[in-house]
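Listed here are the chains, written in short residue letters.
Protein chains: 2
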Amino acid sequence: MIVRDLHAARETDRLVKSDGWDSTRLLLAGDDMGFSFHITRIHENTSHVFHYKHHFESVYCVSGEGSIEDLATGTVHPIRPGIMYALDQHDRHRLTAKSEMVMACCFNPPVTGKEVHRKDGSYAPVTETA
Amino acid sequence: MIVRDLHAARETDRLVKSDGWDSTRLLLAGDDMGFSFHITRIHENTSHVFHYKHHFESVYCVSGEGSIEDLATGTVHPIRPGIMYALDQHDRHRLTAKSEMVMACCFNPPVTGKEVHRKDGSYAPVTETA
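These protein sequences, in sequence, are chains Z and W. Quick note: the first sequence uses our numbering, first residue 1, plus one each step. Quick note: the second sequence uses our numbering, first residue 1, plus one each step.
Since the hints were derived computationally from the structure, they do not count as laboratory data. Nothing false has been slipped in among the hints.
Any copy, or any two copies together, can satisfy a pair, since identical chains are not distinguished.
Cross-link-like lysine to aspartate or glutamate pairs, in silico, EDC-like; alpha carbons within 20 Å at most:
1) Lys53 to Asp31
2) Lys98 to Asp22
3) Lys98 to Asp5
The task is simple: from the sequences and hints, build the whole structure.
Quick look at the structure:
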């Protein structure tokens with residue numbers, strides 16, 4: 001059994017900081033669960049284009065408000081606590097936070113912990129980070 | 001892109017009620033994400049023995065307080081918002097809620113939606129529910 005505390009993990013290299021967001025990786029590929037699990041904070045009044053070409057991701061809003069735009073269709077979905085979105089088509093999307101959003105994220109395949117977002121908004125496939 | 005709302009899903013058969021807990025399945029095997037994602041509420045002042053012999057599960061505490069006991073070792077870990085546990089050894093465990101706990105749960109392999117907890121605390125393997 002693995003037990004981890006978000007607040008303690010934020011003091012370690014499990015916390016990855018980027019421009020307008022940060023992510024704390026509570027489970028990574030090395031934990032051998034078959035998925036990774038992250039708590040991600042999208043900072044207030046920021047907007048980000050992401051495109052996980054090599055991963056499936058689900059995101060559950062724990063707190064905060066904003067929106068997700070499906071960049072293939074232009075459809076905008078509000079985000080508030082209790083909303084989950086899942087990028088089952090590797091959907092390119094724009095995530096916008098009106099207030100700081102705290103999101104519980106699952107990735108398949110699991111993130112290794114070495115990824116950064118590339119210029120195209122994707123994470124590298126496992127083969128490029130292993 | 002899949003977008004689902006916990007509050008709406010609780011009015012559908014995505015909500016499964018059991019004795020002392022309920023679980024709303026926001027993602028199931030049929031969504032083809034490779035994992036399932038559930039928001040589970042453990043009711044106040046209840047205690048439950050679970051043993052997912054056929055699944056890996058991670059659980060993140062969104063709200064509420066309680067504890068998890070590893071029944072192989074007797075070790076008790078407190079649960080509060082920000083604590084995540086992962087049953088990487090298919091650990092048999094006792095989950096106890098002092099106050100209602102809201103938990104974000106990921107399962108691999110994904111739950112099909114047809115499982116119930118069996119007398120031994122497990123979910124049936126996929127081959128028995130498909």
